[in-house]
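J.: Since the structure of chain A is provided, determine the placement of chain B on it from the hints.
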Amino acid sequence: MAITFKGGIHPLECKHLSESKPIEVLPAPDKVFVLVSQHAGAPAKPLVKKGDEVKLGQKIAEAAGFISANIHSPVSGKVVKIEDIPHFAGGLGSAIIIENDGQDALAEELEPHSKWQKLESSEFAKIASKAGIVGMGGAMFPTAVKLSPPKDKKINIVIINGAECEPYLTADHRLMLEYPERIVEGAEMIKYALGAKRLIIAIERNKPDAIKTMIKSAKDKDIEIASLKTKYPQGAEKQLIFALTKYKVPSGGLPFDVGCYVQNVGTAMALRDAVIDGKPLYERVVTVSGTIVNEPKNLLARVGTPLRTLLETSGGTNAPIGKVISGGPMMGLTQWSLDTPVTKGTSGLLVFPPEKAEIGFEKPCISCANCVDVCPMNLIPTQITSAAKFEKFNIAKKLGALDCIECGSCSYICPSNINLLHYIRWAKWEIRQLQRK
Amino acid sequence: MDEKYFVSSSPHIRSGISTKTIMWNVVLALSPAFLGAVYFFGSRAIYLTLVGILGAVLSEAIIQKLSGKKIQINDGSAVITGVLLSFNLPPGVPLWMAFVGSAFGIIFSKQIFGGLGNNPLNPALIGRAFLMASWPVQMTTKWITPRGGSIPGFFTKLDAITGSTPLGILKTHVGEIFANPNSSGEQIEHAHHILSNLYSSIPNMFFGNIGGCLGETSAALIILGGLYLILRKFSDWRITFSYICSALVLGWIFGSPDGLFKMNVLFYAFSGGLMLGAFFMATDMVTSPITPKGRWIFGIGCGILTVIIRRWGGYPEGVSYSILLMNLVVPLIDRHTKPRILGAKEKI
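For the record, the sequence lines run as chains A and B. Going left to right, the first sequence walks through residues 1 to 437 as the working numbering numbers them. Going left to right, the second sequence walks through residues 1 to 348 as the working numbering numbers them.
If we strip away everything but chain A, and leave its shape as in the complex, we get (with noise of 0.2 Å):
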C-alpha cells in the first residue's frame, strides 16, 4: 500500500526542466528590494532609514506583533529609501531598498551555536525569532509560532516536509540532494525543542534520488524516511499527517491537535543555519522554470532580488511572457510585473506562453463530480460554487468551504472550466467578513 491520502490528481510533472539543475548561487544584485510583508500576519517595523549604512544579516525590520518576523539586510550597504514596489500577493507593499556595495561585510548579530544539543528546548524558538523564519514551502508563517506550541499540545511526531508535490518546483529536491546533513540537522533539532518521539523525512516517490540520499544521511539517527506516492496535493499538512499517521486534523484546527509538526526541508536546514552559524533568513533557493525558459534552473537568490535579474540569469524567454508566477502552478501567486522581488517564501518563478496563461471561459457544470472526486478534502466543490454564485455564504458555509485547503484540484479537474477554487475563495473571504460582524 502506497503511503497517501484520498482524492488528489495528477498534473504533469515538469519537473524534468530543473530538477537535475544543481543549485547556482545567483550573486547579491546592485540593489535589493525587501519586502516589509513577506511572511504571514503583521508586516514587520522598519528599524533603518534613508541613508542607513546596513551590513549582511543585520535586522532592518522588527517583528510588529506575535505573529510577524523580523527581517534581515540580504546585503551590506547603504539604505536608498522606503517605498511602494509591486507585491507578490498584488498591488504595491512598501520595501527597504539597499544598495549593495559588493562587500557582504557581516554584521554577526546571531550567536553561533556549535553544540547544539546543550541549548535548552525553548531556546530554538527564539533563535528562529531572532532570524526571521518562517515557513518557506509557500506559507511563510512565523517558525518561532510554530516552535511553541500551547502548553497542552503534546508534539509527538516531527514531519519534514520533502514532498514538493507542486509542478515544475525542484528547489527543495536539489537542497536533499545536496545538503542533506544540513536538512536532517535542522531536522532533528526541531525534534529535540518539542520533545517528539518520531522524526519523519517525507519524500514523494519522484524524487528517488532524494530518497536514497536522505536515507544516507539519516543513517544510524533515529529518523523515518517515508516514500510518498506521487500525487498531488500529497505535500498539504493535512494530507501528508494523514498519509501518515492516518490522523484527522480537527476541522478548524491545527496539527498540533493531534500531536503533529509539519516543516518543509528548507525551514528545517533555515533552522540549522541560524542556530548553528548564526545565519538569519536571508536568502533561499528558488526555481525558475516554464518550458519558454532558456535555461530553467534553481538559484540561490537574495532575498529582495527582483524576479526579472532571475529571469535574465537564467537565459530569458524564447516566446513572449504571458503569464509569471511566485510558487508552482497549483497554489502560485500571478506577478503583474518582473519587479518584485524574491521573498523568503519564494519558491518558485514560473513563466507560461500567452497561450498557457489564459484559461478561457467557463461552461455549464455537467455534474461529472470530478471535483468532488479529486477533492482531497472531501468537500463537494461544485455545491459550494453553486451556493457563492447564487451568493449564499451561509449554505457555503455549512458546506465546509472554511475546511478548503485551496489547493485547486477541482479547478484543475473541471472539464467545464470552471474555476471552482475561485468561487470557493470569494465564499470563504464573504463568510469570514460575516463572522467578524
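Check each hint, because a few of them may be wrong.
Claimed, not checked - Distance condition first, Cα-Cα at most 30 Å in a straight line; then the derived DSSO-like pairs of lysine-lysine:
no.	chain 1	residue 1	chain 2	residue 2
1	A	K437	B	K345
2	A	K246	A	K15
3	A	K389	B	K262
4	A	K6	A	K246
Please keep in mind that the hints were generated in silico from the structure rather than gathered at the bench.
T.: Just chain B now, with coordinates in the frame of chain A:
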C-alpha cells in the same frame, strides 16, 4: 512599464479534458453498438440513428438560437441524446418517430430547464417515454428479426417485421401462464419449454443476434464501449456495477415467473436494455448523483426498480423507467449522502 501579464487566481494549469472531450468519447464508445446494429438490422440502423441525431441537434440549435444563446451543438451532448434515443427504439418503427422522440427529449427535458447541465431527467429516456405513451403499438411491436437470429417458435427468417423480444416473450407467453391459476399441466409444460428455448439463446443475446431495440441487443458491444468509458474515467463504475449487481441478484431471486431463485442470471443480464442502461444511461453525468455513496444508492435503486417493473409491471422491460424514476430523486440522494469532511466531527 510596457509589459502586461495575465493575472488570475490559482491554479494556473488545467487537465485539458473538456466537456467536449467527454461527450465525444461517449459517442465513440457507442459506436461499437452502432456498428453491431447495422450488422444485425441492416441499413435501417443507419437511417434511424442519423434521424435521431438530426432531431436532437436541430432542435437544440433552434432553441439556442431562439433564446439568444450561443449555438453549442458541437459539444456532442445532443448527439449522444439522439444516438441513445434511436438505440432505444424497435428497429421497425417509422423514421419520423426517431426525429420526434429526440426533438421532444431535447426540447422538453433539456432546453426547457436551461440546457446542458440543468436537466433533471435523461433527455433520451424522456423522448422514449413520450413515444411509448403516444405510439404504444409501434413502440412495442415493430421488432425486426436480426440477421440469422431466432428464438425457436417465435422468429423465422421470413418473419421480418413482427415478433418479440426475449423479455416480451417472458412476460406474455410465459408469465401469463404461470400467473393464471387455471393453467393446465400441458400449458405449464409448454411455458417451461419456452423458457428453456429462451435460455438456449443466451449466446445470441450476448452477441446481439436477437430481437430488441436497435442498440441494446448486443451486450458484448455495449460492454466493450462502456468499459472503455470507465477505464478512461469518463463514466462512473460505481453506478454501472451497483446497477447490474443489484438487478441480477434481485432478478435471480424474483425474476422468474415460475418461482423464486429460478431466473437464469445470464438471461436476465443480456436480455433487454440492462447493459445499455447501466453503462450508458444511468451513468449520464448530469442526471446521476455527485457523491460517491449517492452513486451506489442510485445504481441499487435502478436495479430494484428494474426488477419490480420487469416482474410485476405492465411492461416487459423496466430499465428506462427505473432510471427516470431514480433521476427524480437524485437531488434528495445528493443531499443525504454528503461525504464526511476530512477532520470533521459530524456530517454536514
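J.: Hey, A/K6 versus A/K246, does the alpha-carbon distance stay inside 30 Å?
T.: 11 Å, holds
J.: Between A/K437 and B/K345, does the CA-CA distance stay at or below 30 Å?
T.: The hint holds at about 26 Å.
J.: Does the structure keep A/K246 and A/K15 at a Cα separation of 30 Å or less?
T.: Holds, at about 29 Å.
J.: Are the Cα positions of A/K389 and B/K262 separated by 30 Å at most?
T.: 53 Å, violated
Violated hint: 3 only; the structure is consistent with all others.
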